[in-house]
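A.B. asks: Residue numbers (this note's numbering), protein chains in the order written: chain G, 723 to 894; chain H, 1499 to 1689.
Hints are computed from structural coordinates only; laboratory data are not their basis. Be a bit skeptical, because a hint or two may be false.
[Claimed, not checked] List of simulated lysine to aspartate or glutamate pairs, DMTMM-like, C-alpha gap at most 20 Å:
| hint | chain 1 | residue 1 | chain 2 | residue 2 |
| --- | --- | --- | --- | --- |
| 1 | H | 1643 | H | 1503 |
| 2 | G | 739 | G | 762 |
| 3 | H | 1643 | H | 1510 |
| 4 | G | 791 | G | 763 |
| 5 | G | 791 | H | 1560 |
| 6 | G | 879 | H | 1677 |
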Amino acid sequence: MSPVSTTNSRLIYDALKGCGVRLLSALPETWLVHLVRMADDDPDMILVRLAKEEEGVGISAGAHLAGVKSAMLMQNHGFLASINGVVSCAQLYRIPLLMLITYRGEFGERDPWQTEGGGVTEDLLRALKIPFSYLDRAEHVAARIAKAQTLALSSNKPVALLLCRDLMWEDA
Amino acid sequence: MTRLEALTAIFDRLEHRVVVTNMGAVAAELQSLGHRQNFFYLQHAMGLASSIGLGIALSKPDLQVVVLDGDGSVLMNLGGLTTLARYRPRNLTHIVFDNESLLSVSTSRGDFPTATATGSDLRGIAAAAGITQTTAVSHIDAFTKAVDAALAANELSAIVAKVDAVGPPAYVTDLGLLENRFQFARYLRSR
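Working from the sequences, and respecting the hints, build out all of it.
C.D. replies: Right, here's the structure in full:
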């Protein structure tokens, strides 16, 4: 049994559905496995499994131009891998992105390979002037996702939510 | 075959299709033939034109999407070919103009060859990625025939067209990036 929280993954998934998200792009990592499976099991969700996260920027841009609400599921290292797409597609063309980024490498991280990216994630978001908030407690998941999407759509810009260990991992 | 000859030959086929281009020569030359509100030029983010095309194709399955791409851009997102193949949208045609170089930074022919100049085969790569309908052409008649076949096929297809390494006199046009983007979104959402 994976210690990734199914209950809180469900909360996140339901919140995305509640916001009218119809397309999810994803590159799985441990913390995202339940979310990706939920999308895969949902006949009303278009799930696009990626080779690399930057593709998801283009796919979300296409969906937005076509009038479909989308969100991106990725690890913070995937965010690092998609930065030119974020800047030269989403920011250059004023495309709203709702980015759900698992925040690996923060306090409590046991995997040595996650620690370097964890240390630069927030600084990069700030450098790119991407508004962000944290999903670290079940009580505020639905409201924060809804508000993040509202800001992304009204500003026509990327917005990020950092999925934190305290929410995603059951023995945090 | 030049890219401009190829674009001229298929321009009427693009009239009622959703067109997404990569940056550089393709964008400038297509505009030189006439801009339409159903044309979107991704003037940066190399590699993502096909990803945008995929996002549109999945969101609007009743529209036919044509992505006009280049070898330099495709080489930056080879993984995207596997994603296209994985979802196989029937309404997407990926046309790659392969001039074997990064033309817009070159001052003369052959300055900055891409790996297709030394044998990397984009049609083969697309086929090996899982795109079942792939064609490689190097003459205008074969190109036009391949495009007509792809548009009629109702299958994901990739056409790699070898073209001369010549481009437009200028790359910047008078169409603003955001003007293009909002006009294109309005077009798509009205369909």
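A.B. asks: It remains to establish, for every hint, whether it holds in the given structure.
C.D. replies: Going down the list of hints, with the structure as the test:
1. Pair hint residue 1643 (chain H) plus residue 1503 (chain H) holds up; C-alpha atoms about 14 Å apart against a cutoff of 20 Å.
2. A C-alpha spacing of about 13 Å is found between residue 739 (chain G) and residue 762 (chain G), which places the hinted pair at or below 20 Å, so the restraint holds.
3. Under the criterion of a C-alpha separation no larger than 20 Å, the hint pairing residue 1643 (chain H) with residue 1510 (chain H) is consistent with the structure, at around 14 Å.
4. Distance hint between residue 791 (chain G) and residue 763 (chain G) is fulfilled; the C-alpha atoms sit about 19 Å from each other, no more than 20 Å.
5. Taken as a hint, the residue 791 (chain G) and residue 1560 (chain H) pair is honoured in the structure, with Cα atoms around 18 Å apart against an allowance of 20 Å.
6. Taken as a hint, the residue 879 (chain G) and residue 1677 (chain H) pair is honoured in the structure, with Cα atoms around 16 Å apart against an allowance of 20 Å.
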